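**Q** What follows is each chain in one-letter form.
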Amino acid sequence: MMLSKSRFGLLAFASGFLIVIGFFLEWGDYLPFWAYAALLVCCFPVFTLSLGLWWMAREHEEDIPFVGY
Amino acid sequence: MIEYVLFAVFFGLLLLGIHRKTIARIQRRPGPPVWQEILHMLKFSFKSTWIPATASGTLFVGIVLLAIGIWTAALFVVLTGGSLLIIFGIYMLHKIVEHGFGLSSGSPYGKFGGVRSVISAASEIPLFVTVAVIALFTESFSLADITAYQEVHGPLLFLVPLPALAMYIVILSKMPSSPFSIVESKEIVSGYKTEHFGVWRAGLEVTNGLKTYVLLFTFLAVFIGSLPLWWILIGMVLIILSLSFVCALCPMLSPFDTVTVQILITAIMVVYAGILWVVA
Amino acid sequence: MNIAGEPFLVLEFADELVYLTPYTTTLLLFALAFTIFAIISRPERQVDIVFGGDAFYAKKTSLSEMRFRRFMAIACGLASMGAVVTGDIFNFTLFISLVGICNVGIVAAVKIRHVQEAAFQYGIVALSATVPLFGAAALTAATTGTLSMIELGKATTAAVSPVIKALLVLGVMGEGMAPFYAAKAEMFRAPGAPYVIMCSLSSLLIFLRVIEVVLVI
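Chains as they are written, first to last, in numbering that gives the first Met the number 0: chain A, 0 to 68; chain B, 0 to 279; chain C, 0 to 216.
Because the hints were derived from the structure by calculation, they are not lab data.
Please note that a few of the clues may not be correct.
[Claimed, not checked] Cut-off 30 Å, straight-line C-alpha distance, at most; resulting in silico cross-link-like pairs (DSSO-like, lysine-lysine):
#1 B:185 / B:20
#2 B:46 / C:58
#3 B:185 / C:59
#4 B:46 / B:185
#5 C:58 / C:110
#6 C:110 / C:59
#7 B:173 / B:20
#8 B:46 / A:4
#9 C:58 / B:185
#10 C:153 / C:164
#11 A:4 / B:42
#12 B:46 / B:20
[What the hints assert, rightly or not] Here are a few chain B residues that face chain A, going by a calculated C-beta distance under 10 Å:
#13 4
#14 8
#15 46
#16 72
#17 197
#18 202
In this text the structure is predicted, and so the values were computed from the model without any measurement.
Even glycine gets a Cβ: it sits at the ideal position worked out from N, Cα and C.
Work out the full structure: start from the sequences and follow the hints.
**A** Structure, rendered in structure tokens:
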């Protein structure tokens, strides 16, 4: 169901790397602004989530939803 | 630009913290510190996380990514002076995001939050009427043209106060513990966010920060005009303070009353826009 | 007047027309994302509490029901994508009526009484809304001689009368019931998340699109 922690780490690293590369390319005028914006819209959510999951994803059985106290 | 996105997330969360603190002080409680929402986001990222057994996995995760994605896009649209219609569209699509959050987990509470979010769809129409009235004056939907118009004619806030009020109510209906916040009210635990815990919730907090920043920024850009960043930030804090007073002093309405009040506001705004259109 | 940004891509296939502006691209990508979710996601299993006790059960969507609903949800996603990008008034109305049919189809396989009743009532409204919808397209063609939104947006063609625009909006409201689709709320209580979400998503997208269409023509 869920990916393993190391996969999330890889995902976080890859998306973070793309964001940084994009930042420098746009800074040096190699990348148009709209492409950088599109890159950020795609990579920023992935980076945010995978960073946290790399830290704290649980790797065993799922639980059922909360059904009341 | 990534630095601006991060700044918007943290400042938006700080605004929500100020909102909570002010409500608490008005109600004579000590309240949490103003950076509590930022701490929440960090805390949730370090919580054990999984996907509930009954959830629709892809949707459960994908909706968080989409939520952050659309508000990042909205931030870009606002900063580059893009079309106000896109902001309006993204604001409407946030409804689907709430719906998706609520329905993806299989939890009955989330489902009620999602269904409530759908029945209160009338709350978005005042925003469209605002957009339409502004377009009547400025003859453009682009934010850049709207700010340019205001440099010549003065702030739209004084020219068309009623749409400003309508947009204020639209922002109010998205604030936590507002009179209209039926989608996350406590009788259904946390509404649509009930089942999104841990890292998913941290993603939701990031969305909330961005959303607050974008909505308040849009309000200032549309009704006051282009301001230096410092004045924008001060303006945001002032708007948040006024919103906190409304939230602290008004009771939460029942779902039925919320929809009735929202439809009433919508009707008034449509009539107002109709009159303006006929006169113009 | 600058409505939703300049179109950056115009595709013409004889009398068919597809064009993308920043606004329609945003809507298209959103519809695409949800269609992909509908394709690859397994349906949610709705948890319900047994009344008067602390037991609970999860409603399961059977395989045959899931197949049918997934097909309808994908069709609905494709129809709303078509409605969002098309630059032709008739195709627009056609896609919108397709959205109306698919919305009923998505919940048609659910064997719950109140869901079926809501879907039936909604279906009747959607059916009767096709008259103003296609009427508006026909009247546009009759009064201006063209159905292309780009042509209609130019000052050279005859102006589209506000009555025709009102008919178009009325038709879309009937098909999608947005924004007053409270009548559809019962439909959303059907279990099986990515599919029921397509109902509200498609209504919202066609509502957002018709605003642009009415402003452009």
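**Q** Does each hint fit the structure? Answer for all of them.
**A** Each hint tested on the structure:
no., hint, in the structure
1, B:185 / B:20, "holds, 19 Å"
2, B:46 / C:58, "holds, 29 Å"
3, B:185 / C:59, "holds, 28 Å"
4, B:46 / B:185, "holds, 22 Å"
5, C:58 / C:110, "holds, 12 Å"
6, C:110 / C:59, "holds, 12 Å"
7, B:173 / B:20, "holds, 18 Å"
8, B:46 / A:4, "holds, 14 Å"
9, C:58 / B:185, "holds, 25 Å"
10, C:153 / C:164, "holds, 16 Å"
11, A:4 / B:42, "holds, 19 Å"
12, B:46 / B:20, "holds, 25 Å"
13, 4, "holds, 6 Å"
14, 8, "holds, 9 Å"
15, 46, "holds, 6 Å"
16, 72, "holds, 5 Å"
17, 197, "holds, 7 Å"
18, 202, "holds, 5 Å"
Of the numbered hints stated above, none is contradicted by the structure.
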